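Using the sequences and the hints, build the whole thing.
Our numbering runs 22 ahead of the 1-based position in the sequence shown.
None of these hints come from the bench; they were simulated from the model.
It should be emphasised that the depicted structure is a prediction, and the values quoted were computed from it without experimental measurement.
Any given hint could turn out to be false.
Each computed BS3-like pair below joins lysine-lysine, with the alpha-carbon atoms no more than 25 Å apart [unchecked claim]:
id : residue 1 : residue 2
1  : Lys-93    : Lys-104
2  : Lys-320   : Lys-305
3  : Lys-305   : Lys-237
4  : Lys-185   : Lys-217
5  : Lys-237   : Lys-335
6  : Lys-93    : Lys-108
7  : Lys-335   : Lys-320
8  : Lys-335   : Lys-316
9  : Lys-305   : Lys-335
Pair by pair, the computed Cβ-Cβ distance ranges are [to be verified]:
id : residue 1 : residue 2 : range
10 : Glu-221   : Gly-164   : 24 to 32 Å
11 : Asp-178   : Ser-283   : 40 to 48 Å
12 : Lys-217   : Ala-312   : 16 to 24 Å
13 : Ser-214   : Met-292   : 28 to 36 Å
Glycine included, every Cβ here is placed at the ideal spot set by N, Cα and C.
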Amino acid sequence: ISATGCTASLLSGAHQWYRWTAMEPELRQRRGGALALLEEADLGDEAQRIIDELGITAPSDLQLLEEEDLKAVSFLKPVQLKKLRKLMAEQQSKLAHTRKPAGRSAAQEEEEQPPEMSDFAKQQLNDFVQMMQRAKMGPKPGLSNEAKHCKLALEDDPYNVQKMGALGQAYVADEQWQQCMNVMLRGWKRVSELKTPEERFSYLFLLAQASLNLKKYRQALAVISDMEEPPAAERTRYHTMCCQVYCFNSDMQKGLKAFHSAIEGHDFTMACAIWGTALEALKKVGLADATRTKVEAKAETEEDRVKLEAVEKIANLRETYLLESQAGMKPRAKAGLVACIMLFLCIIFYLLYSLEQNSLKNLKPK
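Structure below.
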């Protein structure tokens, strides 16, 4: 089993585990109700087996059974089948006379649905799985149609900086950072030929990002020194990347200043995401704890503090996974590491769910 396939299965399993663990007490209560009805109908000896074979999870399921479904319980004796049919008829009769209670709100109906993972939990899981898939697969083989088109356009006009940028973007879409850096280096010192500040910023930002991803830290530092003031919409991305570049170049003071600029004006959730992105670089210069305190100061609830803890653990696991992947970990060992990571994530997100439920209970009027 590949690490990617194992990861996909674990993600699905984690989601199901999360849903069913959260609703387990209610599920047991419903099944108990169905079991009691079967026992009252003098089917006690086979009640549990009937529930298992017919997939009954609540008393209301008895109302929906049809004659065709009874093939699954062919082990019943004729007398027992007769009793089961009678119970089904009684339950279906109740269904015909039951109406939806008046004044039932949509919020009340929604509460009965199995709880879903929070958006935060889903995003963390999906980001982590995508990262592991990229680490497993590496750059896409060959060229996409978009990259081929951009490459042909640049061959027709090899000194066009705008076309170099377009090809660089196409390489990034294919996860080919080395090719992206190689082509964009050709236009680095000619970005002034691009007409707008936004175009110049985008070109140099992509080159700096490629250099950072390929651990060309001094080159990334040289590139960001040529960048103009970023557009307002790009300031957070810019300062986050600058923080990483400065820290990887052992410039603690500038790294800390860039981090403060990155999280300035943002709420806890965004600050937490920025910190997780830059954590590996911050640790290099000993700023992990100081910046964590800064982010934690924005936390308003216990749930926020658990989220920060989760982001820190995930960032550390991601770093470990990437280092092991680069070191050539054996597939079986890698699958074991993935399983341990996913188990840890399940525990973290269940804690988040519990905190969310407690918060909702506290908000409900008494």
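Do the hints match the structure? See the list:
{"no.": "1", "hint": "Lys-93 with Lys-104", "in the structure": "holds (13 Å)"}
{"no.": "2", "hint": "Lys-320 with Lys-305", "in the structure": "holds (21 Å)"}
{"no.": "3", "hint": "Lys-305 with Lys-237", "in the structure": "holds (16 Å)"}
{"no.": "4", "hint": "Lys-185 with Lys-217", "in the structure": "holds (13 Å)"}
{"no.": "5", "hint": "Lys-237 with Lys-335", "in the structure": "holds (23 Å)"}
{"no.": "6", "hint": "Lys-93 with Lys-108", "in the structure": "holds (16 Å)"}
{"no.": "7", "hint": "Lys-335 with Lys-320", "in the structure": "holds (19 Å)"}
{"no.": "8", "hint": "Lys-335 with Lys-316", "in the structure": "holds (18 Å)"}
{"no.": "9", "hint": "Lys-305 with Lys-335", "in the structure": "holds (13 Å)"}
{"no.": "10", "hint": "Glu-221 with Gly-164: 24 to 32 Å", "in the structure": "holds (28 Å)"}
{"no.": "11", "hint": "Asp-178 with Ser-283: 40 to 48 Å", "in the structure": "holds (41 Å)"}
{"no.": "12", "hint": "Lys-217 with Ala-312: 16 to 24 Å", "in the structure": "violated (41 Å)"}
{"no.": "13", "hint": "Ser-214 with Met-292: 28 to 36 Å", "in the structure": "holds (33 Å)"}
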